[in-house]
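Peer 1: Chain by chain, the residues run as shown.
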Amino acid sequence: MKRLRVAALYAALTIGLVAVAGPFVWTLLGSFKTDAEIRQDPPTLLPLRWITDNYAALFERMDVVTVTLNSVIVAVIVVASNLLFCSLVAYALTKLDFAGGRVVFGLVLLQMMVPAIVLLIPQFVTVASLNLADSYAGIVLPGLVTPLGVFMMRQFMGEIPDELVYAARVDGSGEFRIFFRIVMPLCKPVLATLGLITFMGSWNGFIWPAVVAQRKEMYTLPVALAGLSSRETVHYGLLLAGVIVVITPVLLLFVSLQRYFVQGVATAGLK
Amino acid sequence: MAGLGSGRAGTHRRGLSADELGSGENQRGLAPGRMRAKEPRHASDRVRSPGMNPPKKAGKAWLFSAPFLLVFGLMYALPLLAGLVMGFTDMRSTDVRNPFGVDFVGLSNFERLFQDESMRKAAANTLFFVVTTTPLTIAMGLVAAILLNSGITRLRTFFRLGYYLPYVTSIIGVAVAWRLLLDPQAGLLNDLLRSAGIEGPAWLLDERTALPSLVFMSAWRNFGFDMVVFLAALQGVPRELYEAADVDGAGMWARFRSITIPMLRPAILFCGVYSAAGFMQFLEEPLVMTKGGPLNSTLSASLAIYNQFGFGNYGYGAAAATVLFTIIAAFSFAQFRWLRPKT
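Listed in order, the protein sequences are those of chains D and V. Residue numbers are given in my numbering: position 8 of the first sequence equals residue 8, and the series is strictly consecutive. Residue numbers are given in my numbering: position 44 of the second sequence equals residue 44, and the series is strictly consecutive.
Quick caveat, the hints were computed from the structure, so don't treat them as lab data. One or more of the hints may lead you astray.
[Stated by the list, open to error] Computed footprint of chain D on chain V, listed as stretches where at least three residues anywhere in the stretch have a Cβ under 8 angstroms from a Cβ of chain D:
hint: 1; stretch: 109-115
hint: 2; stretch: 162-171
hint: 3; stretch: 176-182
hint: 4; stretch: 189-200
hint: 5; stretch: 315-326
Here the structure is a predicted model, which is why all the values come from computation and not from measurement. Using N, Cα and C, we set each Cβ at its ideal position, and we do this for glycine too.
Please put together the full structure from these sequences, using the hints given.
Peer 2: Okay, here's the thing in structure tokens:
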């Protein structure tokens, strides 16, 4: 009876997994099939012949190297900036408690609550009037210091004993020195979590880069793929290859470091 | 119940060490909704040694906060105010070079908004999307969490990882993959239906099935998040409750209804309001998969605003954004009051 129950449990979990991972597996297999085979009914599971033509075509129709590089540049700036600046704010909020702390934290919460779509038009007008449209600076600007990052860092730093900081002050260390030499090294686990969450957010980000980047040379990977998918509606093989290129880095990163992500969700209780 | 939640808050302080994680879920046994409760802990209610924070630290504190304040002021506060003002003007894309040259048009953008057929359609679609996707996502997350939590040890991490994957994947990637699956001729779904002797609908190309397809895809993509929240909350359900239920001879359904659901109520509420706030802004799914069609059947409020932006109607789009913001803010305020722990 018990074994039957366990078997049923695993059966249900496996069906669920097929439904969840199936579309990804289907995409991967499809990216190695010809368009004709993709459209074939009844469908084939494995490609009749494994071809790489779709990837070759993708590199022809889309400047994969440039847009991937753009995605990487944007992600690196956003991650580095969040790790440093969110931590600085969190340090001010937890270890320097000052009268303005409540105001600053209130602004952090406010920023967290304003929906992105509400800001889209005026943010674009702001970036355009600063002459930053179509530039890396314009793409990264709104995401340099995310409220989630401040929130997570504040939560973590709040648990670091104040005595450590006091002792360093008594020894004559300045605040920057305490921040970099004592507090930041203790924050490594949460910095890892924040770095990964920020990286994924930046890598997957679509609407804002699509609005800011105007020349093709400034597109990020998702923007370029979206453009391709609206032009090449019938060439599924090509598009599936594009999907694989876009999602693989994040999936690999996520699978290898998933414990940090699950932690992040549970810690902050939000994305 | 509230006592249980807050009692645990004190026992696991950090919860961020990697070893705790290795074992699977975090051990806090706290629904994230509860975290708000312990919010104000930091600066205020800690015992402070006087003299350790001399007033001159305030300058440093502002300096440390400066990068955030700069970005906030430039990219959030200013645009937020500008957006509010913009809604009362006739600003168009051509005015970007000279934003102060626009004319004020009073409430006419708002009047137009309430008579705009497609805006009304967008509002109705958004409402439909929120009230269907939210419970579906929660139900799927709940089922997954309960299955994973029913005593299995092997492959548990593997399944949890798999279920979480869609949530971390680029929406563009997911959208393209699903467009193929739902393709009426070439798609796997209709191939499968056909082999069962059913001729499937055109899914994204049919105005009756397009929006429900997006509902299902969004639930599929997002349920992993709810699952993780529920798994964390399930850690906090005392095993004795189930043992007592066993003694009383309660069946599976009775245990689920009388123990699991009430114990998970805070987590369910949290997922409900948190996802509903996100679903109210759904934009990328219809933008990439259907462009709002067919016949505006998948046009969402956010997509309608995005489209106005694309048409260059900045003033009108900003007015629509103001209305959407007001609705979401009212909802957030209600959620805040609703979720506040009853003590």
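Peer 1: Checking C-beta pairs, does the stretch 109-115 of chain V have three or more residues closer than 8 angstroms to chain D?
Peer 2: violated (count 0)
Peer 1: Closer than 8 angstroms Cβ to Cβ for three or more residues is the test here. Does the stretch 189-200 of chain V pass it with chain D?
Peer 2: Our answer is that it holds, as 3 residues pass the Cβ test (under 8 angstroms) against chain D, meeting three.
Peer 1: If you count the residues of the stretch 315-326 of chain V with a beta-carbon closer than 8 angstroms to a beta-carbon of chain D, do you get 3 or more?
Peer 2: It holds, with 6 qualifying residues against the three required.
Peer 1: With a Cβ-Cβ cutoff of 8 angstroms, does the stretch 176-182 of chain V contain at least three residues near chain D?
Peer 2: With 6 residues close enough to chain D, the hint holds.
Peer 1: Taking a Cβ-Cβ distance under 8 angstroms as contact, does the stretch 162-171 of chain V have three or more residues in contact with chain D?
Peer 2: holds (count 9)
Of the numbered hints listed earlier, the single one contradicted by the structure is hint 1.
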